[in-house]
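Engineer: Knowing the structure of chain A, use the given hints to seat chain B on it.
Protein chains in written order, with this note's numbering: chain A, 1 to 254; chain B, 1001 to 1317.
Rather than coming from a laboratory, the hints here were simulated on the basis of the structure. It is possible that some hints are incorrect.
As the list claims (entries may be wrong) - Below, computed lysine to aspartate or glutamate pairings styled on DMTMM-like, alpha-carbon distance capped at 20 Å:
#1 K252/A / E1014/B
#2 K1101/B / E103/A
#3 K252/A / D1073/B
#4 K1115/B / D12/A
#5 K1083/B / E103/A
#6 K252/A / E1091/B
#7 K252/A / E1061/B
#8 K1101/B / D85/A
Each chain, letter by letter, is given below.
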Amino acid sequence: MMQNSLAVVYRDALIRTTSLMWLFFDMAVPLLYLLMFGVGLDKAVGIGVIIKGTAVSYNEFFLAGVLAMSCFGSAINQSYAFFHDRETGIFYEFLTYPMTRGEYLFGKVLFQCIMSVVQALLTLGAAIFILHIHIKIVLLPLTIAAVIMGISGWFFILAIGAFIIRRSDAFNTFINVAYFVLMFVSSMFYPLDSVPHWIQVIASFNPVTWHTDILRYLTIGVGNFSMIVKETFGFLFFSGLMFVLAVRTLQKAV
Amino acid sequence: MNTPAISIQHLVKEYRPKKGLPIRAIDDISFDVQSGQIYGLLGPNGAGKSTTIKILTTLTEPTSGTVTVNGFDIRSQPLQVRKNICVVLQENSVDEFLSVKNNFVTFGKFHGMTKKEIEVRAGRAIELFGLQDVLSQQAMDLSGGMKRRLQVAKMFFTTKSIIFLDEATTGMDTFNKRATITAIKEEARLGRTIVLTTHMLEEAEELCDAITILNHGKIIASGTTNDVKKMGLQIFYLSLKFKEVSKQLEQELLQIQPLQITVERSAIDMSVREHEAALRALSVAQSSGSLVHFEISTASLEDVFVHLIDEKKGALV
Chain A
1 MMQNSLAVVY
11 RDALIRTTSL
21 MWLFFDMAVP
31 LLYLLMFGVG
41 LDKAVGIGVI
51 IKGTAVSYNE
61 FFLAGVLAMS
71 CFGSAINQSY
81 AFFHDRETGI
91 FYEFLTYPMT
101 RGEYLFGKVL
111 FQCIMSVVQA
121 LLTLGAAIFI
131 LHIHIKIVLL
141 PLTIAAVIMG
151 ISGWFFILAI
161 GAFIIRRSDA
171 FNTFINVAYF
181 VLMFVSSMFY
191 PLDSVPHWIQ
201 VIASFNPVTW
211 HTDILRYLTI
221 GVGNFSMIVK
231 ETFGFLFFSG
241 LMFVLAVRTL
251 QKAV
Chain B
1001 MNTPAISIQH
1011 LVKEYRPKKG
1021 LPIRAIDDIS
1031 FDVQSGQIYG
1041 LLGPNGAGKS
1051 TTIKILTTLT
1061 EPTSGTVTVN
1071 GFDIRSQPLQ
1081 VRKNICVVLQ
1091 ENSVDEFLSV
1101 KNNFVTFGKF
1111 HGMTKKEIEV
1121 RAGRAIELFG
1131 LQDVLSQQAM
1141 DLSGGMKRRL
1151 QVAKMFFTTK
1161 SIIFLDEATT
1171 GMDTFNKRAT
1181 ITAIKEEARL
1191 GRTIVLTTHM
1201 LEEAEELCDA
1211 ITILNHGKII
1221 ASGTTNDVKK
1231 MGLQIFYLSL
1241 KFKEVSKQLE
1251 QELLQIQPLQ
1261 ITVERSAIDM
1271 SVREHEAALR
1281 ALSVAQSSGS
1291 LVHFEISTAS
1301 LEDVFVHLID
1311 EKKGALV
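Looking at chain A on its own, in the form it has when it is part of the complex:
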């Protein structure tokens, strides 16, 4: 099984090395978000933000948001790659290769996980050494596990969109709506304590909120532990469900 999935990883890695722009987007954009948008807002907010009674700087608060955003952004990139492969026809050829649909998807997600872990380590490095954020180093392995969990869930749901949607304009709309709604109606950019109640309710059902809260707890230790446990199970269920749906969609993608 691994040999087939590694062939998928190898192919994706080769493609990334041919496009520096793509590599830059995958690696540096979340980092720049943290260093530019985060730092700017940190200065503007000044006194920081309060989450569940704990005051933190905006930089500390936003770090988990950037990690979650990078997972989401990488998954979007990968779904664009899927869409492009389908448009050029190579996607259908892949489906005739001697591997299962699951192996193909696993290879795709494995490559994206590798990229996201590197990206997360770069972001955490910048947070520690440039922004001097105190990160819970002891929880670093769990943080990396949460990054992998996040990329998997987002990858599968966006891949389903890439398999089903045939028109590029419709696919762009799908991606933009997903990006806008899921990221802005979540705890990624602002603490939910201070937003209108209806947004809080919607955000509590949003897997981006769950993922961001988990990462926030693991990086700076802020959050309600019992809620984090529930959100972790919720996200794992979401990822598992999306994987099953993605495989089923892939089986009917022709």
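Structural biologist: This is chain B only, laid out in the frame that chain A set:
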């Protein structure tokens, strides 16, 4: 008797659009392809050739019927089927962001080849299809014909026992077509089974050991290429040249009920079924007193194909 490389029994494929009635793309077809054969699937657009290829290559499931590839059932053993095949689809499917060389490398890795095997076999395919000069170019920079060449070359770089070629030579220039035909013949000689669809009947005539002609999802002719061509032995083409063509002559020839007739100034081309009709047409032409030249020939595979499709159209009207 040997187990056929491919066996199709009572295959049916229906598509169910969101609105309207189901569309039956394949309507109860059965045929076998023997190992080492070059097998042609012919038919006009929408006949069901590509759908048949998609089913055989596990891209889509049949609605009903049984299909086995090298003895493996396409429904219950799709992975085993895929381990035995490689496919050129109608789409120009190359890895656009990768160089030509890396297209071979990744393709080899997907098919479980070692680095050494990739080097050796890719070298042969690259030479056979004349890709030496574009090895380092990104596939996206290649012309349509070159992309197709790369795509086909990849198939001849593996050692899979069954190759499917869906309109493989479409968009190729004469040189590439010739290279592809030579490669197909060579691989079949080595014992590989090749199933191809094509619009170019002279290509099918040159390559195929056996053919099936499909129309509206049904088989309208099937057998060895010679058997199908023999169907054309009862069709005669007459090319007649006169000093002048009178209305009366035209009327007399029409009374023979030709399959098709065209009159152009002093020349008449017509096709008739059965040799008696051909002789009657000649007799009419001779008695006109202005006949200067005539030629008679039996039908080519293309003529048979056109005749069968036309006949089917007539039956449908």
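Engineer: Would you mind marking each hint as holding or not holding in the structure?
Structural biologist: Cross-check of the supplied hints:
1. The suggested pairing of K252/A with E1014/B holds, with an alpha-carbon distance near 14 Å, which does not exceed 20 Å.
2. The suggested pairing of K1101/B with E103/A is violated, with an alpha-carbon distance near 25 Å, which exceeds 20 Å.
3. The hinted pair formed by K252/A and D1073/B meets the criterion: a straight-line CA distance of about 18 Å does not exceed 20 Å.
4. Proximity of K1115/B to D12/A is assessed by CA-CA distance (about 18 Å); at most 20 Å being required, the pair is judged to hold.
5. Proposed proximity of K1083/B and E103/A is supported: the alpha carbons are some 14 Å apart, at most 20 Å.
6. Between K252/A and E1091/B, the direct Cα distance comes to roughly 18 Å. Compliance with the 20 Å bound is thereby established for this hinted pair.
7. Restraint check for K252/A and E1061/B: the C-alpha separation of about 9 Å stays at or below 20 Å, so the hint holds.
8. Using a Cα cut-off of 20 Å, the hinted pair K1101/B and D85/A holds, with the two alpha carbons roughly 19 Å apart.
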